[in-house]
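In case you want the letters, here they are:
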Amino acid sequence: MTRAQLLADDPLWLILIKAVVLLLLGAVATMAMIILERKIVARMQHRPGPNRVGPNGWFQSIADAIKLPFKEQIIPETADRKVYFLAPIMSTIPAFLAFSVIPFGPEVSIFGERTVLQLVDLPVGVLVVLACSSMGVYGIVLAGWSSGSPYPLLGGLRSAAQVISYEIAMGLSIVAVILYSGSLSTGDIVDAQSRGWYGVLLIPSFAIYFISMIGETNRAPFDLPEAESELVGGFHTEYSSMKFALFFLAEYVNMVIVSAFCTTLFLGGYMAPWPISLIGDNYFNTGWWPLLWFFGKTWLFLFVFIWLRGTLPRLRYDQFMRLGWKVLVPANLVWIMAVVTLRVLRQENDIPAGVFITIGAVVLALLVGLSLLLPDREVQPDNQVPVTGSGYPVPPLDLVVPNKEDLKPRVRRRREKAAVGAGADKESDQ
Amino acid sequence: MSAMLLAQAAVNTATQVTTGEAVAFWVLGPLALAGGLGMIFARNAVHSALFLVLTMLSLGVIYLVQQAPFLGFVQIIVYTGAIMMLFLFVLMLVGRDSSDSVVEVLRGQRLWAGVLGVGLAVLIVTAVARALTDVRSVGLAEPNANAGNVKSIGKSLFDEYVFPFELTSALLITAAVGAMVLGYVDRHQRGRKTQKELVEARFRGEHDRPSPLPGPGVFATSNSVATPALLPDGSVAEESLSRLIDATASEKLDQERKAVAGTLPGPDARALAPGKEDRS
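Sequences listed follow chains A and P, in order. Residue numbers for the first sequence follow full-length UniProt numbering, beginning at 1 and rising by one. Residue numbers for the second sequence follow full-length UniProt numbering, beginning at 1 and rising by one.
Honestly, the hints are just simulated from the structure, not real lab data. The reader is advised that the hints may include incorrect statements.
Stated by the list, open to error - Below, computed lysine to any residue pairings styled on SDA-like, alpha-carbon distance capped at 25 Å:
(1) A/K82 <-> P/V46
(2) A/K82 <-> P/L33
(3) P/K258 <-> A/Q347
(4) A/K71 <-> A/M31
(5) P/K151 <-> A/E72
(6) A/K82 <-> A/E72
(7) A/K82 <-> P/L54
(8) P/K151 <-> A/K39
(9) A/K82 <-> P/L31
(10) A/K82 <-> P/K155
(11) P/K151 <-> A/P123
(12) A/K82 <-> P/Y79
(13) A/K82 <-> P/H47
(14) P/K151 <-> A/W307
(15) P/K155 <-> A/E348
(16) P/K155 <-> P/V78
(17) A/K326 <-> P/V78
(18) A/K39 <-> A/W307
(19) P/K155 <-> A/A79
(20) P/K155 <-> A/W307
As the list claims (entries may be wrong) - Calculated from the model, a selection of chain P residues having no Cβ within reach of chain A, i.e. all distances over 12 Å:
(21) R107
(22) I124
(23) L182
(24) A220
(25) T263
Glycine included, C-beta positions come from ideal geometry on N, C-alpha and C.
Extracted from the complex, chain A is given alone in its bound form (with noise of 0.2 Å):
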């Protein structure tokens, strides 16, 4: 049987039983990622971290889930109350709805019925994951709306033109793995990728699939719709007590969700890594160790994000656009096309692998040698002051101090020329 014919064997027990775990998984994956991440940050940082609630302040995060529903909760007065309360919501549940699409393993035997550790397997399971990204904007727009005041409303806009600028990275570098395996179904292309993965096939896609993930999350280096320095908390600045807890869950869920995204796409979703495949005619890719496998891969995302976010320096915003806009777009395009023709003629002419790998690299040396021969830009000395090594002022070296008898026009202009060199303004000599 097919995955799809499994699933929709399923009975409404079992589909209970999924959603259910589904929804917890979201959860507790938040409380173990703040945890961990407060745990990881401070060890990279050479200090203890959260070290006071149970053994060594490992149940910080169940102290702080328990703590933060009974906040008192505070309403702007100057808050569109309504929508204020909604946008929490829309932002959440978005955030869990992706996960139905996911396949977390093959099929099992969960009290003795046939089933598919997934709760749905639509064939359009791709565009999912994309529409739940996309209707989880409308959470942080409306949040930074709704809040009534500047710095909300500047987090919010900066936060949705960055989602949307880094959705259209991922959704082109996303185009390459369906061309691939000629799905759009998420269990499709984790079958598809039994004889290689496509991070190592595709690697452009996943690079840039990855970045973007980082900016679609809006986490470090790419965290400026909550960059402190300027604008406090951003979107969620006027928040507090569940709401503000819901926008957390829903940030760190959205961190999940596009890390097993990309294990799916990229690393094989649940199949064993290569050395452990080849044990016992891939024995450890049946039953439930898949399972082990597909957490593993979407936890050393996870690691990664939180190993970013100890390391590197936030961006300036201008950079950021640029690099989504000018870098991550185009060289996805460019990059779809090398695949697109690269395909065409493999299925039409019958050439063999190692003929287009010999080509690109040829092609990919002469880029490179290419590029070396590129002139290093030049620093122009213009209308600098002339300064020494030690770093000061000095004068011009035609300076001339002038006589005062021979005060003749040819001296004046030689003067000017003196004082354009030493960087007064154009004005001057116009």
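Go by the hints and put chain P onto chain A.
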């Protein structure tokens, strides 16, 4: 729109409708209709936009129910995710307090709107009437079964309709590029000023003042951005307050309360520019 949906539902009832589909329709149809009505009657522009989002989402789910998953999700991604988001963006940049202007810019606007509205209503009614009597629903079972929904759409889009498809995309790109060129023409002509040119322009008096605005007051009692700085003679430096802050509704209300109570401060004898406080 919703009228057409109703018609479609009626046609489907004539052939066959599963219980699930009927339930989905009777939930989503009223929701879509409510969204449409809400969009027209909401006073706030952002609320209108949100009602429209509701309508679009309901339509997307209706597509899903009617065996068109690709169309449904593309509807959600493109219309709800991209287009309405841009609308919201513009609305927010315009500002939350700005209300509709009652001055009619176009002459005879109401007349033309009425005529065109009636025309549209006639068109829709005839279409619905025709759909109810002549057209029989075919269903998507056949194209969906052959190669799957997505592949069938791709095939017809890039085989049969490739020319209109490309033409549409060319039109859209032209429109987008044109809008950008028109929007940025000013900046391109002037070019960006360098820091030096800006300094010169400031001292030549092309800007309001040569220096940046003063920061807010930092005192032992308060260091809030809402606290104005004091000038050397003790008067309030109004420029030290952000315009955004004293434009908030609560601030205005406060002013009005004071005005009613008659506790507004009179002209300050020590102020450098007399009567400056009265202006706000």
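Tested hints:
Proposed proximity of A/K82 and P/V46 is supported: the alpha carbons are some 12 Å apart, at most 25 Å. Of the pairs offered as hints, the one joining A/K82 and P/L33 holds, with about 20 Å between alpha carbons and a cut-off of 25 Å not exceeded. Using a Cα cut-off of 25 Å, the hinted pair P/K258 and A/Q347 is violated, with the two alpha carbons roughly 80 Å apart. The straight-line distance between the Cα atoms of A/K71 and A/M31 is roughly 18 Å, inside the 25 Å bound, and the hint therefore holds.
For a cut-off of 25 Å, the pair hint linking P/K151 to A/E72 is broken: about 53 Å separates their Cα positions. Of the supplied pair hints, the one linking A/K82 and A/E72 holds, its CA atoms being roughly 19 Å apart against a limit of 25 Å. With a C-alpha separation of about 15 Å, the suggested pair A/K82 and P/L54 falls inside the 25 Å cut-off, and the hint holds. Using a Cα cut-off of 25 Å, the hinted pair P/K151 and A/K39 is violated, with the two alpha carbons roughly 47 Å apart.
Between A/K82 and P/L31, the direct Cα distance comes to roughly 18 Å. Compliance with the 25 Å bound is thereby established for this hinted pair. As the CA atoms of A/K82 and P/K155 are separated by approximately 45 Å, the hinted pair breaks the 25 Å bound. At roughly 10 Å between alpha-carbon atoms, P/K151 and A/P123 fall within 25 Å of each other, so this suggested pair holds. Proximity of A/K82 to P/Y79 is assessed by CA-CA distance (about 23 Å); at most 25 Å being required, the pair is judged to hold.
Taking the CA atoms of A/K82 and P/H47, the gap is about 9 Å. The hint holds against a cut of 25 Å. Under the criterion of a C-alpha separation no larger than 25 Å, the hint pairing P/K151 with A/W307 is inconsistent with the structure, at around 41 Å. A threshold of 25 Å between alpha carbons decides the hint, and for P/K155 with A/E348 the separation of about 19 Å falls inside it, so the pair holds. The straight-line distance between the Cα atoms of P/K155 and P/V78 is roughly 20 Å, inside the 25 Å bound, and the hint therefore holds.
Distance restraint check for A/K326 and P/V78: the Cα-Cα separation of roughly 22 Å lies within the 25 Å cut-off, and the hinted pair is therefore satisfied. For a cut-off of 25 Å, the pair hint linking A/K39 to A/W307 stands: about 11 Å separates their Cα positions. A threshold of 25 Å between alpha carbons decides the hint, and for P/K155 with A/A79 the separation of about 49 Å lies outside it, so the pair is violated. About 44 Å separates the Cα atoms of P/K155 and A/W307, which puts this hinted pair outside 25 Å; it is violated.
The claim that P/R107 is not at the interface with chain A holds, since no C-beta of that chain comes within 12 Å of its own (minimum 34 Å). A cut-off of 12 Å between C-beta atoms confirms that P/I124 is not in contact with chain A; the least separation is 29 Å. Every Cβ of chain A is farther than 12 Å from the Cβ of P/L182; the closest lies at roughly 19 Å, confirming the non-interface assignment. Every CB of chain A lies more than 12 Å from the CB of P/A220, the least distance being 24 Å, so the non-interface label holds.
With a least CB separation of 21 Å from chain A, P/T263 remains clear of the 12 Å interface cut-off, as annotated.
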